[in-house]
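Line order of the protein sequences matches chains A and W. Per the working numbering: the first sequence ends with 818, consecutive numbering throughout. Per the working numbering: the second sequence ends with 426, consecutive numbering throughout.
No wet-lab data here; the hints were simulated from the structure. Accuracy of the hints is not assured; some may be wrong.
One side only, chain A facing chain W, incomplete, derived with CB under 8 angstroms [unchecked claim]:
1. 743
2. 745
3. 748
4. 752
5. 754
6. 757
7. 759
8. 810
9. 812
As the structure is a computational prediction, the values presented were derived from the model and not from experiment. Beta carbons are placed, not taken as given, at the ideal position from N, Cα and C, and that holds for glycine.
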Amino acid sequence: MNDDSQPRFGKGVKLRREEDGSVMLLVPEGALVLNPTAAAALELVNGKRTFAEIVAEIVEQFEVAPERAGDELRGLFGRLAERGFLR
Amino acid sequence: MSVSAPLMPRPLSLLCELTYRCNLQCPYCYNPIALSAYREELSTDQWCRVLREAAELGVVQAHFSGGEPTLRRDLAALVSAASGAGLYTNLITQGTFLDDALLDRLLESGLDHIQISIQAPEANLADRIAGAVVHEKKVDALRRVRARDVALTLNCVLHRGNHDTISDVIAFAQELGIERLELANVQFYGWAFRNRAGLMPTRDQVARGEEVVAAAQERLRGKMEIAYVLPDYFGEFPKPCMSGWGSEFITVTPNGDALPCPAASAITTLRFENVRIRALAEIWLESESFQRYRGTGWMREPCRACTRRELDWGGCRCQAFLLTGDASATDPACSLSPEHSIVVALRGDNDPIELVARRM
């Protein structure tokens, strides 16, 4: 995942926000429960925003260090991309 | 050693076994042997009610399976009901009836994902296993799905008769542009349990298969996800069946029985409740069958004090029952089970045995 990448969801991948605010990523034959940062970041995924823009948004929303947010989200997005959940 | 009290978890997944009718005769089918006991299928309205009740209970995914679910003429209506209730919808099919018209109707109804199974990577062997000339129809169905904007998983159940073709299955998947491949070793329930001696892969096959799969996973990383389901009788620890009994999964059989595990009807010492008679929420929350092995309180040694008790949940209750006659025993697939020798003795180096074809 580069800073300029514009991630979008893979086929058959859906975000679902529950009434209690928790968020799940529904994927073929499974569901992943997301922590609040991951949920907020994935809710920004729309195929247009760049990875860098998503990180910047999270840094502002959660008041975290840019470097740390970047590393964590790069790891998460990379793992999801490897499984075809993000492209 | 403390033992946690039964939790009251939320079900996430509903497996709708719409019918046990099927035009194939795969000897590895996990459906029960007594298929004719399930001819009285739930109506469209009854399934729609079950789907709504499931969604209210917290379920997020509905899987439509069977038998062959496309033999139900109301399949698109049921997908639509599930989708309308906010559920993610998954069709598990062998694909022989998936023509353009049906496929389009299903996608219009909101189908999110399709899993199509093949028996082997080439027609002769595949058709021999299926007991019908169907492989080419499946290839057509795979192409049709690939041409549309919907998620697709190719599935192949592995057993002694096709275990040596794993690398060809992977090549077949690559040729068709498959992005998700599931290589699932046969699980020994129903017809597969009956045919166990003939289906059990040999130790050599299992060892070679694991190497081939690991190499392909590495080579195809980011291009094709390969999910590998380990063989049941070969591991050190049992599978965490259903992530624990009554923890996340509900199966409803064609006649409306609600089961904590798709294979649970094998446990003849339990009585399962039916969605025609009771609401799904009541069955989930209160029924004896769902409560019986929920959490860890039911466990005996060696599970009770085991550090893995909340990792693998004692393994599979149905397997424990089938192998020992006692559904509350530790799954003999676990190396810590006092009855592990049953499983070790069955590890696949017997002479080939004639398979019994599945029939209604």
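Quick check on residue 759 of chain A please, does its C-beta sit within 8 angstroms of some C-beta on chain W?
With a closest approach of 4 angstroms, the residue 759 of chain A hint holds.
Evaluation of the interface hint that places residue 752 of chain A against chain W, nearest CB under 8 angstroms:
violated, 15 angstroms
Should the hint that residue 745 of chain A touches chain W count as held when the rule is a Cβ pair under 8 angstroms?
Residue 745 of chain A check passes; min Cβ-Cβ to chain W is 6 angstroms, inside 8 angstroms.
So, as I understand it, the hint says residue 757 of chain A touches chain W; can you test that by seeing if any CB pair is closer than 8 angstroms?
holds, 4 angstroms
Residue 812 of chain A was flagged as interface toward chain W. Is the shortest Cβ-Cβ separation under 8 angstroms?
holds, 7 angstroms
Less than 8 angstroms between beta-carbons is the criterion; does residue 754 of chain A satisfy it with respect to chain W?
Violated - the Cβ of residue 754 of chain A stays beyond 8 angstroms from chain W, reaching only about 11 angstroms at its closest.
Would you settle whether the hint for residue 810 of chain A is holds or violated, based on the nearest Cβ-Cβ distance to chain W being less than 8 angstroms?
Cβ of residue 810 of chain A sits 11 angstroms from chain W, so the hint is violated.
Quick check on residue 743 of chain A please, does its C-beta sit within 8 angstroms of some C-beta on chain W?
Because about 2 angstroms separates residue 743 of chain A from the closest Cβ in chain W, which is inside the 8 angstroms limit, the hint holds.
Should the hint that residue 748 of chain A touches chain W count as held when the rule is a Cβ pair under 8 angstroms?
Where the cut-off is 8 angstroms and the nearest Cβ of chain W is about 11 angstroms from residue 748 of chain A, the hint is violated.
Violated hints for the displayed structure, listed by number in ascending order: 3, 4, 5, 8.
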